[in-house]
Structures are given as structure tokens and as C-alpha cells.
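Protein chains in written order, with my numbering: chain A, 141 to 254; chain B, 265 to 376.
What the hints contain is simulated information worked out from the structure, not anything from laboratory work. Predicted, not measured: the structure shown is a model, and the values here were computed from it. Each hint should be verified, as a subset may be incorrect.
Every beta carbon over 12 Å from chain A, so not counted as near; a handful from chain B, in silico [unchecked claim]:
(1) V275
(2) K332
(3) T336
(4) T373
Which bits of chain B does chain A cover? Going by a derived footprint, with three or more residues having C-beta under 8 Å, they are [what the hints assert, rightly or not]:
(5) 309 to 315
(6) 319 to 330
With the C-beta cut set under 7 Å, the calculated list includes, among others, these residues of chain A facing chain B [to be verified]:
(7) L179
(8) G182
(9) K197
(10) K242
(11) F245
(12) S247
(13) Q250
Beta carbons are placed, not taken as given, at the ideal position from N, Cα and C, and that holds for glycine.
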Amino acid sequence: GAGVSQSPSNKVTEKGKDVELRCDPISGHTALYWYRQSLGQGLEFLIYFQGNSAPDKSGLPSDRFSAERTGGSVSTLTIQRTQQEDSAVYLCASSQGQRNEKLFFGSGTQLSVL
Amino acid sequence: AQSVTQLGSHVSVSEGALVLLRCNYSSSVPPYLFWYVQYPNQGLQLLLKYTSAATLVKGINGFEAEFKKSETSFHLTKPSAHMSDAAEYFCAVSGAGNQFYFGTGTSLTVIP
């Protein structure tokens with residue numbers, strides 16, 4: 141596609157429910173990142189996929205968070221047993237995989253946990 | 265380890281005045297540095313980047329930034345603010361392992 145696509149754009153869920161957030165990166169981009177954006181907290185790194193390498197999961201805040209990337213393309217971020225503090229905008233970005241390359245961001249998923 | 269500190273979570277300037285947004289970084293490897301902008305209700309987009317070529321980098325919309333290794337800084341400037349510059353600005357550093365670390369952002373308000 142022309143850009144990074146994220147779905148849904150908005151998700152409202154009840155505390156304790158599981159949610160899945162989807163990211164379609166730009167075709168051909170080998171690197172895919174997930175960030176969480178909370179008010180006043182900037183962009184918090186969650187997880188990074190690069191090609192067929194093992195993902196860097198060092199930013200995941202708890203074991204309720206997981207992500208996978210199928211076929212080196214689409215990625216799904218799963219949050220189990222959601223908590224109110226999980227409410228944030230979840231951003232996905234992709235790039236060609238070099239550290240001097242810019243990131244292309246999606247519009248994000250606004251998650252609200254009631 | 266890599267990190268970014270943005271001084272000032274909120275900056276207000278008058279239209280036509282100088283814009284200065286501060287960014288200091290820490291990196292264990294020669295850094296690549298970026299400024300991204302997020303306009304209201306839009307996604308983040310790249311303003312400019314430093315990748316070890318010229319230390320003074322020019323970006324879109326009249327913005328520029330200067331890499332100063334001795335000060336570990338990469339401040340963003342624009343000589344004359346425009347109303348359309350009102351946005352959230354993020355500084356980022358790319359270090360080892362292709363990781364990108366972002367600052368907490370600076371919200372720029374332009375006063376008419």
C-alpha cells in the first residue's frame with residue numbers, strides 16, 4: 141500500500157478484555173516498530189521486528205502484551221486482560237531497516253479501556 | 265544506551281518570532297538524529313535528519329537543526345514562526361541495533 145495502515149482507528153473495550161491491533165506496513169519494508177503514545181509520555185518503544193530475526197521485545201511493559209509479524213509483513217499487537225492504564229494511542233511504523241532511514245508512521249489506534 | 269531529552273514540554277512563540285526547540289541526546293555509538301512533527305489529528309512525519317554528513321541540516325517548512333557533538337545537542341530552529349507550525353515535535357536518536365528512541369515531545373503554540 142501507499143502508507144502504513146493501522147486498524148481499527150479507535151477501539152473501546154472493557155477492563156479485562158483482550159484486544160488485537162493490526163498494522164500493515166509499507167510493502168518491502170523489512171523493519172516494523174510498535175510504539176505507545178500517552179499524554180506527556182512521548183513515544184514509548186514496545187517491540188521491533190527486523191526481517192526474519194527474533195524480535196526485540198525489550199519495551200513490552202508486561203507479559204499481557206505480545207506481538208507477532210506474519211510472513212514478514214502484517215503485524216498484530218495483542219493486549220490481554222486490558223487495564224485502564226493501557227489506554228493510549230498505539231503507533232506502528234515501518235522502514236527499510238537501516239538506522240539512518242526515516243520511519244513511516246501509521247495514524248495509530250486510539251485504545252480506550254473503560 | 266541511547267536516550268533523548270527534550271527541554272520544555274510546551275513552547276509558545278509569537279508569529280514571526282524565532283522558534284527554538286531543544287534536544288539533547290545520549291548515545292554509545294555515533295548517533296543518527298531525527299526531528300519528527302505531529303500536526304493535530306495527523307500522523308508523525310519526518311522534518312529532518314542528521315546522518316553524519318553536514319552538521320547543519322535543513323528540513324521541510326523552513327526548519328533546520330545543528331548537530332553539536334561537544335554539547336550532545338540537536339536543537340531545532342526556524343527563523344520566523346508561522347501559525348501553521350503549531351504542532352507536537354519529537355526528537356529521536358537511532359543507535360545500535362536499529363532502535364529509535366524518542367523524546368517526550370514539545371508542543372509548540374504560535375500566538376498571532
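Results of checking the hints against the structure:
1. V275: holds (15 Å)
2. K332: At roughly 19 Å from the nearest Cβ of chain A, K332/B sits farther out than 12 Å, so the non-interface label holds.
3. T336: holds (18 Å)
4. T373: The claim holds: T373/B sits with its nearest Cβ about 16 Å from chain A, beyond 12 Å.
5. 309 to 315: It holds, with 4 qualifying residues against the three required.
6. 319 to 330: violated (count 0)
7. L179: violated (10 Å)
8. G182: At 4 Å from the nearest chain B Cβ, G182/A passes the 7 Å test, so the hint holds.
9. K197: violated (12 Å)
10. K242: holds (4 Å)
11. F245: Hint on F245/A: holds, closest Cβ of chain B at ~4 Å, below 7 Å.
12. S247: It holds, given that the least Cβ distance between S247/A and chain B is near 5 Å, below 7 Å.
13. Q250: violated (11 Å)
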